[in-house]
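> These are the residues of each chain, in order.
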Amino acid sequence: MIAGLMLAAHVATAQVAPPPPAPPRHVTLPEPAAKTLANGLRVIVVPKHDVPLASARLMVRSGSEQDPAALAGLASLTASLLTQGTKRRTAEQIARGVEALGGTLNATAGWDVSRVDVTVMSSKLEPALEFVADVVRNPTFRNDEVERLRAQAIDAVMVSLQEPLTLARLVASRLVYGGLPYGQSVNGTPQSLKRITRDRAAAFHERHYRPENAVLIIAGDVTPASAFAMAGKHFGSWKRRSGGVVKIELRSGGDPPEPRVVVVDMPDAGQAAVLVTRRGLRRVDPLYYAAIVTNSVLGGGYSARLNQEIRIKRGLSYGATSAFDLRREEGPFAAWTQTKNESASEVAGLIVEELNRLAESEIGEEELTPRKAVLTGGFARSLETTAGVVDRLAALALHGLPLDEIGKFGPGVQRVTSEAVRRFARAHLGGSTASIVIVGDARQFLEPLRKRFEEVEVIALEELDLDSAKLREAPPDP
Amino acid sequence: MNAIRAVSLLFIATLLAAAQPPTPSFPAIDFEHRVLENGLAVYSIEDHSTPTVAVQVWYRVGSKDDPEGRSGFAHLFEHMMFKSTRNMPSEMLDRLTEDVGGWNNASTYDDYTPYYEVVPSNYLESILWAEADRMGSLTVDEANFLSERDVVKEEFRYRVLAPPYGRLYYAIVKSAFEKHPYRRPGIGSIEELDAATIGEVRAFHATHYRPDNAVLIVAGDFDPARLRKWVDRYFGPIPRPEEEIPRVDVAEPPREEERRVVERVPNVPLPAVAMTWLAPPAAHPDAPALKIAAAILGRGESSRLFQSLVYRQKIAQEVDAAAELMQDLGLFAVLAIIGSGHTPEEGEKALRTEITRLQEKLVPGEELEKAKNLLITDMLRERETGHGKAFALGTAIMLEGDPSKVNRSLAALQAVTAADVQRVARKWLRDAKPVVLSYVAGGE
Chain R
1 MIAGLMLAAH
11 VATAQVAPPP
21 PAPPRHVTLP
31 EPAAKTLANG
41 LRVIVVPKHD
51 VPLASARLMV
61 RSGSEQDPAA
71 LAGLASLTAS
81 LLTQGTKRRT
91 AEQIARGVEA
101 LGGTLNATAG
111 WDVSRVDVTV
121 MSSKLEPALE
131 FVADVVRNPT
141 FRNDEVERLR
151 AQAIDAVMVS
161 LQEPLTLARL
171 VASRLVYGGL
181 PYGQSVNGTP
191 QSLKRITRDR
201 AAAFHERHYR
211 PENAVLIIAG
221 DVTPASAFAM
231 AGKHFGSWKR
241 RSGGVVKIEL
251 RSGGDPPEPR
261 VVVVDMPDAG
271 QAAVLVTRRG
281 LRRVDPLYYA
291 AIVTNSVLGG
301 GYSARLNQEI
311 RIKRGLSYGA
321 TSAFDLRREE
331 GPFAAWTQTK
341 NESASEVAGL
351 IVEELNRLAE
361 SEIGEEELTP
371 RKAVLTGGFA
381 RSLETTAGVV
391 DRLAALALHG
401 LPLDEIGKFG
411 PGVQRVTSEA
421 VRRFARAHLG
431 GSTASIVIVG
441 DARQFLEPLR
451 KRFEEVEVIA
461 LEELDLDSAK
471 LREAPPDP
Chain U
479 MNAIRAVSLL
489 FIATLLAAAQ
499 PPTPSFPAID
509 FEHRVLENGL
519 AVYSIEDHST
529 PTVAVQVWYR
539 VGSKDDPEGR
549 SGFAHLFEHM
559 MFKSTRNMPS
569 EMLDRLTEDV
579 GGWNNASTYD
589 DYTPYYEVVP
599 SNYLESILWA
609 EADRMGSLTV
619 DEANFLSERD
629 VVKEEFRYRV
639 LAPPYGRLYY
649 AIVKSAFEKH
659 PYRRPGIGSI
669 EELDAATIGE
679 VRAFHATHYR
689 PDNAVLIVAG
699 DFDPARLRKW
709 VDRYFGPIPR
719 PEEEIPRVDV
729 AEPPREEERR
739 VVERVPNVPL
749 PAVAMTWLAP
759 PAAHPDAPAL
769 KIAAAILGRG
779 ESSRLFQSLV
789 YRQKIAQEVD
799 AAAELMQDLG
809 LFAVLAIIGS
819 GHTPEEGEKA
829 LRTEITRLQE
839 KLVPGEELEK
849 AKNLLITDML
859 RERETGHGKA
869 FALGTAIMLE
879 GDPSKVNRSL
889 AALQAVTAAD
899 VQRVARKWLR
909 DAKPVVLSYV
919 AGGE
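First to last, the sequence lines map onto chains R and U.
Every letter in the first sequence is one number past the one before it in this note's numbering, and letter 270, counting from 1, is 270.
In this note's numbering, each residue's number is its place in the second sequence (first place is 1) plus 478.
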């Protein structure tokens, strides 16, 4: 049945070039309308009428960075508990009611933010918002619900600690931030979760879930007038508290810890995770555009340098990536990949080489132009869905940036010059300022790794203590 | 990139089927259709709301067509389609998409393999040119073949070996099917990937990658007259081979008795239990009711399995239910990842209770509506983008053999009654025998 000759016949013909592009069309940008209710709640609405859907997010500007040192996972567990019972409804009634509308309430916390998201048919937006308001304003934190969710959270964390890359990220946070809030785990550890009580979650809610600390974003097949009316109806009577919102003061500045090379020995790892990390910058840093363009060259996307070197040229991985996690304070930069255990050392060397190459040598326009297109194209596509529009505006609102920034993304990216990339890379990526974490079967890569890097620390999986800023001590007292 | 199917816990959700006119409130996918002389079917969906265009070429070949002793080959081959062709050096597809702000990828399913791009609409012609070029010729050399095969082996480690439940999906299908090639892992194995040769890559292209085995779908911002001209210019000259296209023709025997399988694997922090039944193919009239049955059992925190196993009894950490209906036949599956301190036996007992309940009692009207609303919202969310619309259409063509189903799926869902759900639960889940898979730590 197999005829393989057609191909050979084609090979001999001379090559032709692809047809050139036609003139481009412009992207239509969303036009947000915003107002602040009397109780301080900011409401942002973006009409988008092509599909009868609507997405909404209620977020508070407090997240896992507000977790006390011994209680990592508090913001996250508090968010999960919102949907597990209110003054008016049981957990089952909430789930059944929202799912009957065709949506799901996703309540989560991360760095700098806790939020509830929902996407439904636009005809169901109003009842869906009523559920969002109920879970944000009236959660009861019943003891049995806290215990059930906590037990499940502990199991989930235990499972995730078997994933080499998840573990590498947690170790990396400690190396970069030590005992600072960003050094902890968003989801907590089995030990920290055990310490979280009903009262701790209720107190976190009381302190941070307040209208003056919150933003409601709605995008979809609605008019601003109707969306503002819904917001007023369900959130207007949410009481503002006296005094400001008290938060744990964040520090990520100052001298970062000395860079280290740390191996976590996981003998039955099916693959090794390799991660290179250091402190990055704040979301509001004026170098934002330089950072994202530089990252696009380095590791943001399929044809970026890391994936070129590690996957495309050498077949050492399914994919290699880098990113700046831009937060309220200086979030981390990381470059990472997974590779077979025996190539972990080679891959770590390749990542470090690429960081230095970017800092040391000029980048040509023929490379820079397409990497900018990756950013502007991805930005335009993210605005095609209601959930994507909410996400973009939420990121601006969270960091106090003006909403018209949405129209400045394209020009901001285009303005970054090749020289600006090199300057940025020299200051923020080059030199021996990064720490390296490898989680995998150490006996398969330790010897070459020790030849490549001077001081390699090895921590056996059983010795690893994520509750400790130093990764090996006893946990702090609650 | 070049993802093999995105498996969440069990399966991805697929579209639904049946035969009713569309409800007016639901935006229809308005498509044009024609067939070129060489057999290539062409569909287009015009939509100028954003200046982008999605291009997809779906080939009627998938993992079930992996040659004997070469499981994973169709997927390995899919990676090779990004290597050199007559007119393109390796990775040129990335130059034509990523470099101008677009993207590309491909996915190998059991029955078919779509290749897809989204680009600013002024680049449409170059994408049609490129897709036609790789349909007409593939000239990957030995060095590129070996390097990309290493990438696929890393993908195997990444998807199967490294994650705690990476082997679960493949353990389920292996235990569920006795004869049909759906039982083989679409990602392959290191040994069978190592056995593949570049000669086999060339032969696979010649056998399956031909215009009369493909469907081209273009969705988004294009001018219909220009599209027609470009499609004729670039795809028209590709010859239709004389040879017949080989098709998998393996009948899966009905299950004679209930079977129990224990799979011992390393890196399993919490055991899992899955029950599967053989189900009808995607085009079967019972498909919509089975999809709704799966949603009632496993979709969301108000679902029956979640409420029983996770919420009330606290036996499970996670639950799922799926009607994974493919071209030749399907699977109905329920799954529980067991919580600390509990056993797979407890999980199995609770799963069986919920299956029996579905067979014995009519689903209340509200619960039925809830399942429908969840599935309809999924469909709307898929249709927000040109790529999503094209994907919905391609799936209907490939899985159900009928493009018009893309606009009838909503009405088919709406038409399902509580009695239908009970009937299909009895027919497919009671009168047939389950396979019970326990997935526990150990082995290797």
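To be clear, the hints were calculated from the coordinates, so they are not data collected in a lab.
A few of these clues could be false.
To be verified - In the DSBU-like style, the derived pairs of lysine-lysine whose C-alpha atoms are separated by at most 30 Å in a straight line are:
#1 K905(U) <-> K652(U)
#2 K827(U) <-> K657(U)
#3 K911(U) <-> K657(U)
#4 K792(U) <-> K194(R)
#5 K451(R) <-> K470(R)
#6 K911(U) <-> K87(R)
Note that the coordinates shown come from a computational prediction; the quantities given were computed from them, not determined experimentally.
> Run every hint past the structure and note whether it holds.
Hints, verified against the model:
no., hint, in the structure
1, K905(U) <-> K652(U), "23 Å, holds"
2, K827(U) <-> K657(U), "28 Å, holds"
3, K911(U) <-> K657(U), "16 Å, holds"
4, K792(U) <-> K194(R), "17 Å, holds"
5, K451(R) <-> K470(R), "25 Å, holds"
6, K911(U) <-> K87(R), "45 Å, violated"
Checked against the numbered hints given earlier, the structure breaks only hint 6 and satisfies all the rest.
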